[in-house]
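Kindly produce the complete structure, drawing on both the sequences and the hints.
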Amino acid sequence: MPAVKRHRDGAEKEKEVAASPFMPMFESFRDELDEHHDRREGIIKASRDITAASKKIIFSLQRVRTLKSDIPPKIATEIKDRGAGMRIQFESIAADLTGINAWRYQRQISPGIQEFMEAISFEHYLRTQKLITLEEASKTLPAGVDLTGDDYVLGIFDLVGELMRFAITTMATTGTLPGSKSGENFAEERDILMDLRVLRTAFEALDTTSCGGTGLGKDVEKKMEVMKTCVEKVETAVYGMIIRGRERPKGWVPDLADDRAPPVESY
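Residue 8 in the working numbering sits at position 8 of the sequence shown, with consecutive numbering throughout.
Derived by calculation from the structure, the hints in this document are not laboratory data. The structure presented is a predicted model; accordingly, all values stated were derived computationally and were not measured. Glycine included, C-beta positions come from ideal geometry on N, C-alpha and C. One or more of the hints may lead you astray.
What the hints assert, rightly or not - Ranges between beta-carbon positions, derived for each pair: (1) D70 to K222: 33 to 41 Å; (2) E135 to F26: 44 to 52 Å; (3) H37 to T66: 27 to 35 Å; (4) G99 to I243: 53 to 61 Å; (5) E221 to F26: 24 to 32 Å; (6) G99 to K139: 19 to 27 Å; (7) M224 to S69: 25 to 33 Å; (8) K222 to L134: 17 to 25 Å.
In structure tokens, the structure reads:
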């Protein structure tokens, strides 16, 4: 039995552990992992805050009833205040999304950017009746935060749902289909249903077969059916308002409580 080393007072000495030459390396790994998890959690929190603020902006914009006109002052003020808050959130994580980290944390920030994309594209459409481009949308983000093509496309997919709600609600309250006339020529007239059909055609022509295993391929597959359903709901509402509406009394507007009319999806 090996002897036990003791101090002068008789207390047993603690066993000395030889310092491993690999210990500093593993401590460095530990620090890097701690830093990574802290950064990741911060980006997730910012993404959730941006998502919440974007949804509030969309809810405010749903109170608008016209196209190609200025946003009412009260709604514009709400949008401006919430937009300023989102910009602060983006700027707080911009340094964590530089270089290789832009792709390392793409899945964490992507939901917030997609919701932000949906909000700014909806506002842009209400003001101009045009689809915001990738370049225009990129300029609305602070320096250091990139808008990828994937997030742009998925945000536009979600925009279709908001346009559907806007169209049906406007028809129910005003009895008319939102649209604009760019000239006296009938061929130049555009309404929101025509725009939705153009978007549907463009999305159906989108080929994502080469990225089926990626996030874009999976998300497009899920969002495609929802997009088609949204456009069909507007088509059905227009049919009820124009075709069947001829048999209704003057001043009739679509009754969303009617089980034959497409309901407005809840937020």
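Query - Violations among the numbered hints - result: Hints 3, 5 contradicted; others consistent.
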